[in-house]
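**Student:** Listed here are the chains, written in short residue letters.
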Amino acid sequence: MRSLRKFVLAALISAAPLAACDRTAEHAKANASAKVGGPFQLVDQNGRAVTEKDLLGKPTAIFFGFTFCPEVCPTTLTEMTGWLRDLGPDADKLNVVFVSVDPERDTPEQLKLYLSNFDHRIRGLTGTTAQTDAAAKAYRVYHRKVPIEGGEYTVDHSSAVYLFDAKGQFVEPIGYGSPPERGLAQLKALLKG
Amino acid sequence: MKTLFLPILAIGALAGAAQAAPPVRVAAKVAVEGAWCRAAPKGAPAGGCYLTLTAVAADQLVSVETPAAARAEIHTMSMDGGVMRMRKLSEGLALPAGQAVALKPGAEHLMVIGPKIDLVAGASVPLTLRFKFAPPVAINVPVKAVGGK
Ligand SMILES: [Cu+2]
Numbered sequence: 000m001r002s003l004r005k006f007v008l009a010a011l012i013s014a015a016p017l018a019a020c021d022r023t024a025e026h027a028k029a030n031a032s033a034k035v036g037g038p039f040q041l042v043d044q045n046g047r048a049v050t051e052k053d054l055l056g057k058p059t060a061i062f063f064g065f066t067f068c069p070e071v072c073p074t075t076l077t078e079m080t081g082w083l084r085d086l087g088p089d090a091d092k093l094n095v096v097f098v099s100v101d102p103e104r105d106t107p108e109q110l111k112l113y114l115s116n117f118d119h120r121i122r123g124l125t126g127t128t129a130q131t132d133a134a135a136k137a138y139r140v141y142h143r144k145v146p147i148e149g150g151e152y153t154v155d156h157s158s159a160v161y162l163f164d165a166k167g168q169f170v171e172p173i174g175y176g177s178p179p180e181r182g183l184a185q186l187k188a189l190l191k192g
Numbered sequence: 000m001k002t003l004f005l006p007i008l009a010i011g012a013l014a015g016a017a018q019a020a021p022p023v024r025v026a027a028k029v030a031v032e033g034a035w036c037r038a039a040p041k042g043a044p045a046g047g048c049y050l051t052l053t054a055v056a057a058d059q060l061v062s063v064e065t066p067a068a069a070r071a072e073i074h075t076m077s078m079d080g081g082v083m084r085m086r087k088l089s090e091g092l093a094l095p096a097g098q099a100v101a102l103k104p105g106a107e108h109l110m111v112i113g114p115k116i117d118l119v120a121g122a123s124v125p126l127t128l129r130f131k132f133a134p135p136v137a138i139n140v141p142v143k144a145v146g147g148k
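Order-wise, the sequence lines are chains A and B.
Counting along the first sequence from 1, when you hit position 174 you're at 173 in numbering that gives the first Met the number 0, and nothing is skipped either side.
Counting along the second sequence from 1, when you hit position 126 you're at 125 in numbering that gives the first Met the number 0, and nothing is skipped either side.
Excised from the complex, chain A in its bound form (with noise of 0.2 Å):
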């Protein structure tokens, strides 16, 4: 069943970048892989290099979005805060980290003020584009800059929360739009293990 579970998600990760136009060969090539999650070298919101190793020996649920977003992100955001508060003390045992697919617009100090609203242990990570890139198509994060007429630019990305236990095996995502107490449950599973 556990298996099966887990092909599904594959499928339905696999489905986003899929469902996306542009998607090249070797886009086509990492999706034979299931593999969610990899090598990444990212900064955090104070200025610290982070890599996936120092997410290891505690389970981690991490997602990419950007700060000039008026929905999706400030969402995921504020249902996150909720969730690590109705955790109470477990909530220490838990990598929660905000990965920026913009990382032009997110530099340390824009998300160090834009997290500031959100519960603190939540960890924002950018870089150069290369490295943002590089940790998205590890984690399998579909994500594309589209410009706006007039100058700006948005970026189309994956909206779940990805779920990785304390190896850092992927385990499951917490669908953008799902019930917030499912989520919940979600955590709670993932830190029982």
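Read the hints as simulated data drawn from the structure, not as lab findings.
Every value quoted in this text rests on a predicted model; they were computed, and no experiment measured them.
Heads up, a few of these hints could be off.
[As the list claims (entries may be wrong)] Selected chain B positions facing chain A (Cβ under 7 Å, derived; list incomplete):
(1) Ala45
(2) Gly47
(3) Val82
(4) Met83
(5) Lys87
(6) Gly91
(7) Ala99
(8) Val100
(9) Ala101
(10) Lys103
[Claimed, not checked] Simulated crosslink set (DSBU-like; lysine-lysine; CA at most 35 Å straight-line):
(11) A:Lys144 to B:Lys87
(12) A:Lys187 to B:Lys131
(13) A:Lys52 to B:Lys103
(14) B:Lys143 to A:Lys144
(15) A:Lys57 to B:Lys41
(16) A:Lys111 to B:Lys115
(17) A:Lys187 to B:Lys103
(18) B:Lys87 to A:Lys136
(19) A:Lys92 to B:Lys143
(20) B:Lys28 to A:Lys144
We put the CB at the ideal spot given by N, CA and C, even for glycine.
Since chain A is already given, all that's left is putting chain B with the ligand on it; use the hints.
**Tutor:** Here is chain B with the ligand on its own, set in the frame of chain A:
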């Protein structure tokens, strides 16, 4: 709110009856209901506002202005296969005659870019909505927190 445009129709009818001036077609005002802006985190470079528009005759929301931000745009957003996409509606938003068009979370919204005020609950955002035919509508939109701690 539906009655908003009635006085204008009445004025139009009076003017028509009096035959005083050459016939000028004054489009009826677009009704605006349930406007609100989403409270944005401190440091957020943009925020979203939502409302429902009902035009008497077929019209189009063509632009939005606000002194409370660098600019405001008409956007659409979609979630497809878990991917969030946002686009500017450069043609504006069509308003079919008599039909309520809701700008709402997860879909069309007014994007307030580069806010000059804190988009916190209790604040308000002055917006001027401009239409292809109907006269502009100026509203003061309350900021509301969503979800919350
Ligand atoms: Cu927008």
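**Student:** Take the hints in turn and mark each one as holding or not.
**Tutor:** Do the hints match the structure? See the list:
Using the Cβ-Cβ criterion of 7 Å, the hint placing B:Ala45 at the interface with chain A is satisfied: the shortest such distance is roughly 5 Å. Annotation: interface hint on B:Gly47 holds; nearest CB of chain A at approximately 3 Å, less than 7 Å. Interface hint at B:Val82: satisfied, since its Cβ lies 5 Å from the closest Cβ of chain A, which is below the 7 Å cut-off. Satisfaction of the interface hint for B:Met83 is found here, the shortest Cβ-Cβ separation to chain A being roughly 5 Å, below the 7 Å cut-off.
Of the supplied interface hints, the one on B:Lys87 holds, with its beta-carbon coming within about 5 Å of a beta-carbon of chain A, less than 7 Å. Here the hint on B:Gly91 is broken, as its CB sits about 13 Å from the closest CB of chain A, past 7 Å. Because the smallest distance between the Cβ of B:Ala99 and any Cβ of chain A comes to about 21 Å, over 7 Å, the interface hint for this residue is violated. Interface restraint check for B:Val100: the shortest CB-CB distance to chain A comes to about 18 Å, outside 7 Å, so the restraint is violated.
Taken as an interface hint, B:Ala101 does not check out: its beta carbon lies about 15 Å from the nearest beta carbon of chain A, beyond 7 Å. Evaluation of the B:Lys103 hint against chain A yields a violated restraint, the C-beta minimum of about 10 Å exceeding 7 Å. Note on A:Lys144 and B:Lys87: the hinted pairing holds, with a Cα-Cα distance of about 14 Å set against a maximum of 35 Å. About 53 Å separates the Cα atoms of A:Lys187 and B:Lys131, which puts this hinted pair outside 35 Å; it is violated.
Pair hint A:Lys52 plus B:Lys103 does not hold up; C-alpha atoms about 41 Å apart against a cutoff of 35 Å. Straight-line distance between C-alpha atoms of B:Lys143 and A:Lys144 comes to about 29 Å, which keeps the hinted pair within the 35 Å bound. Taking the CA atoms of A:Lys57 and B:Lys41, the gap is near 29 Å; set against the 35 Å cutoff, the hint holds. Proposed proximity of A:Lys111 and B:Lys115 is supported: the alpha carbons are some 20 Å apart, at most 35 Å.
Between A:Lys187 and B:Lys103 the alpha-carbon distance is near 32 Å, which keeps this suggested pair within the 35 Å criterion. Simply put, B:Lys87 and A:Lys136 have alpha-carbon atoms about 27 Å apart, close enough for the 35 Å limit, and the pair holds. Of the supplied pair hints, the one linking A:Lys92 and B:Lys143 holds, its CA atoms being roughly 33 Å apart against a limit of 35 Å. Proximity of B:Lys28 to A:Lys144 is assessed by CA-CA distance (about 38 Å); at most 35 Å being required, the pair is judged violated.
Violation of the numbered hints given earlier is confined to hints 6, 7, 8, 9, 10, 12, 13 and 20; the remaining hints are satisfied by the structure.
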